[in-house]
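Chemist: For reference, the chains in residue letters:
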Amino acid sequence: MKIGFELNGKAASLEIEPRETLAEVLRARCRLTGVKLSCEAQVCGSCTVLVDGLPVSACTYLAYEIRDKRVTTIEGLADPPGRLHPLQQAFLDHFAFQCGFCTPGMILAAKSLLDENVHVSDEEIIAYMSGNLCRCTGYLGILKAIRQASAEMKATWKENRRRLE
Amino acid sequence: MSDANKRDAKAFAVVNHSVPRADGVAKVTGSATYASDITLERMAWAKLLRSPFAHAKILAIDVSEAKRQPGVIEVLTGNDLGSLRPYYGHAVKDHPLLAIGKVRFVGEPVAAVIGADQLSAQEALDKIKVEYEELVPVLDVESALAPGGVLVHGMDYIGGAFRGFDDFPGGTKNICQAVHVEWGDVDAAFASAAHIAEGEYYFPMVYAYAMEPYVAVADYDSKGQLTVYSSAQHPFMVRHDLAEIFDLPLNSVRVIVPYVGGGYGSKSYTKIEPLTAACSWKVSRPVKLQLSVEEAFLTTRSDDARVYIRTAVDDSGKLIAKQATIHLDTGAYAENSPMVCRKAANRIVGPYRFPHVRVDCLAIYTNTVPASSYRGLGAAQITFPVESQMDELAHKIGCDPQEFRLRNLAHSGESIHPGLRPIDADVPGDIRLAAETLRSNGPLALKHGRSVCCSCSDAGAHPVTLAMVHVYADGSVSVMSGSTEIGQGSHTVLAQIAAEEMGVPLGKVRLVGSDTGVTLFERSTGASRTTTLMGRAVMEACREAITQCKSMAAELLGVPAGEFTEERGGIRHGKDWLSWPEIIERYFQMEGCGIIGRAYLRRAGALKAVPVFWEIGVVGVEIALDEETGKISLDTLVTVGDVGLAIHPAMTESQDLGAATMGLGIGLFEELIYEGQQLMNGTLLEYRVPRFSDLARRVELKLVENHDGVGPYGAKGGGEGCVNPIGACLANALYQAAGVRIRRLPLTPERVWKALQEQKSQAPASQRKPPAAPKTDVTKTTA
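So the sequence lines, in the order shown, correspond to chains A and B. Position one of the first sequence corresponds to residue 1 (our numbering), numbered consecutively onward. Position one of the second sequence corresponds to residue 1001 (our numbering), numbered consecutively onward.
Treat the hints as calculated values from the structure; they're not laboratory data. Please note: incorrect hints may appear among the correct ones.
Simulated pairs of lysine to aspartate or glutamate, DMTMM-like, Cα-Cα distance not exceeding 20 Å [claimed, not checked]:
1. A/K144 <-> B/D1694
2. A/K2 <-> A/D79
3. A/K144 <-> B/E1700
4. B/K1223 <-> B/E1244
5. A/K69 <-> A/D122
6. B/K1057 <-> B/E1134
7. A/K144 <-> B/D1635
8. A/K144 <-> A/D122
9. B/K1282 <-> B/D1315
Stretch-level coverage of chain B by chain A, calculated; a stretch enters the list once three of its residues show a Cβ under 8 Å from a Cβ in chain A [unchecked claim]:
10. 1478-1488
11. 1552-1558
12. 1748-1760
Built from N, CA and C at the ideal position, the CB exists for glycine as well.
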């Protein structure tokens, strides 16, 4: 079947098999290998991508469901390309990863959290992010990174509002 | 070396600073390449048929129908391996790359279907017909050791690349390896002891869950060159096994390891590379074998450990003797368990002075998933009993557990194992630091408990590490390193060391590797050795390059080398300053030129004494107990990394927290459960690892930097120590909180709740109280 969708800000159209998962399509057909596959059972969060801004587990999400939707992967997060998203920079600043295998999914999950509510408490971060596993860091660096990104995005948000007013 | 070790930390330009990670931008933008991201031209896919039986003879395999399926290229079975040497293993060559004539655990690969795509290969698995004759399985160590019982192997094997493992009684017994450690007169010491504590403890089978499952891409080309991309921690050990299996010279086997998605020991040594290479050999095209996490559960686990241990003190509270028997369930194949066996036996002494010691450790074959390295390498298994018993003994003699430890800990420079390197760490200081940090929480709340425990590991493995640096005329430097970047940050740390030594900006240094076709030999990436050994090798290689530059400068300037002075980055001669790159360019009169500095480390000189260093693990916890449910939650976690010098402090701390968090998982909820032949919880749905919500309320990560290691600038390894003490910390803190002693991990709510109920039913209400508050407490109860 042929599907049309928006991939990292650009219109895309692909011939896919109805049985293919979003992760398979993104990794094999689109060569977006920042989508990482681990548990393949919606437990670990490493394959998290955003569909219309909301996090989904690409390992079990059928690709045809992205028809006419917006898909964001880690490769599309830096905007403009080359300028890191505040979350990416914060993950670097706080050494919020080691092996990096969980990082794309972790950053995208955190993005959907902050896009929804930039005024987020530690408790909210911890509750929201508990669907993303990291085996290396023990999570503290990730918590600090999300805090930092939240503060920066809040400042940008205020600045934008001030300009609008 | 020695002057450098004394250098004031302030003197460092790059080292000892938390610089940006070399792999950082790649990892946050999704451009970092892992072996699972590799695809080659004409690449086929392999899928595995696995054994449904724990122990069975393979009578016949019929692959004819599977071969006829669309998209199927070939099917490989144990019958096709005749022209290879299919048994591998760096310690014991007992592991066929595909089952040959017999299966030894549920999940053992029996056949590989090679298809043009994953789905064709997967779907053809059902079409393979295997006729088995079931044999009685050996499912636990008791039946494995029973005289006249069933043998898992019943074959004699030869040793692998490792030296020092000589006896493989697999032909007549289920003992994979036996280690005996003894000094002093243990029986006499126990006979004269004032007090003795004894008990049996159990450390569970666990799964490391590296988030990237095992993967290999092999290309056995028509010219007899075998190239393998793999998630392996130790590419050079894999190369050795592949060369032997396919009877190839070392220069015809190239193992390339891109970024690795976690290992924690589980990706050490050879795993699926021989099977993947055999598939490629069979079909003469590249083949990829990507396991799922469920298959990874069936590939490697940790050895579990049943430990009987007794410890004796004299009437002054001084430790005098320890005796232990350790039984490790090693599963179907040896893998690295002979080393786990040896390390568990060595490490059970801990960082304490013991005049009399006797330890017997057996690694025992059973028909279960093969066990191998797990972070801590045997130390996690034995630190739980050792440090639990230290508290039990302290309570028995009415001494505060911390005071009891301090009284018996070896100080820096003291020997704990006759003939081995003296302790190169300040363990008493580390313990005090952890205890003080915990104490700052204030008075202990009701149903809270605190504990500080430690471990001491002979770390670094066998020191054979070779490194090479290219110093280019344009001021850039390439570090050629066979160490694997597995997340620990080696690419960053090694670049820091090169930048420090060569006096170039960090951004001018690039890491190359690991790739056995390009980089020099490094035995392994494990045993916390990379900073210490590869770091030292890179430092020495840089210094060798500098020595060459100095003689070039002497020739260029026409003066003896003694007439100019070396400053960081070059030389000063009168008013003139010449940087190393300028010297290289002027010497060769050629732009784009470069020189090589190299270093070969082996067991000699400063690295003659074993171990390379003692890795200390010191952890403090405060727990909160919910008596109603038995649930333990972590209130405070303190780690102390006694690392000599942290080349990169932030990453060092993060390693400690990561290790402690893995320990927390084992301490509270991780355990592989077998029912009969079958692993019951081999999926992430049923095997729970620590999540965000398990993060302690308060986390304190401490570093101790006494410049006392043999690594660069006095550095020594870390990153594994903190996994070891957590189990005992939790058990001891639980005892303080509720007065129950549990000698088996994990401390699941169910297990804790049952212990609390048992305690209630045994003691009348009037006697139900926590243990008496010790006098000088680490864990200071409300006075």
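Chemist: Are the hints correct? Go through all of them and say.
Modeler: Tested hints:
With a CA separation close to 16 Å, the supplied pair A/K144 and B/D1694 stays within the 20 Å bound. Straight-line distance between C-alpha atoms of A/K2 and A/D79 comes to about 28 Å, which puts the hinted pair past the 20 Å bound. For a cut-off of 20 Å, the pair hint linking A/K144 to B/E1700 stands: about 14 Å separates their Cα positions. The hinted pair formed by B/K1223 and B/E1244 meets the criterion: a straight-line CA distance of about 18 Å does not exceed 20 Å.
Of the pairs offered as hints, the one joining A/K69 and A/D122 is violated, with about 31 Å between alpha carbons and a cut-off of 20 Å exceeded. For the given pair, B/K1057 sits about 6 Å from B/E1134 by alpha-carbon distance, which is consistent with the 20 Å threshold. For the given pair, A/K144 sits about 18 Å from B/D1635 by alpha-carbon distance, which is consistent with the 20 Å threshold. Among the hinted pairs, A/K144 with A/D122 is consistent with the structure: their alpha-carbon atoms are about 9 Å apart, no more than 20 Å.
Only pairs whose Cα atoms come within 20 Å are accepted, and B/K1282 paired with B/D1315 is rejected, the gap being roughly 69 Å. With 3 residues having a beta carbon nearer than 8 Å to a beta carbon of chain A, the segment 1478-1488 of chain B meets the requirement of three or more and the stated coverage holds. A stretch counts as covered by a chain when three or more of its residues have a beta carbon under 8 Å from one of that chain; for the segment 1552-1558 of chain B and chain A the count is 0, and the coverage is violated. Residue count for the segment 1748-1760 of chain B with a Cβ under 8 Å from a Cβ of chain A: 0. That is fewer than the three needed, and the coverage hint is violated.
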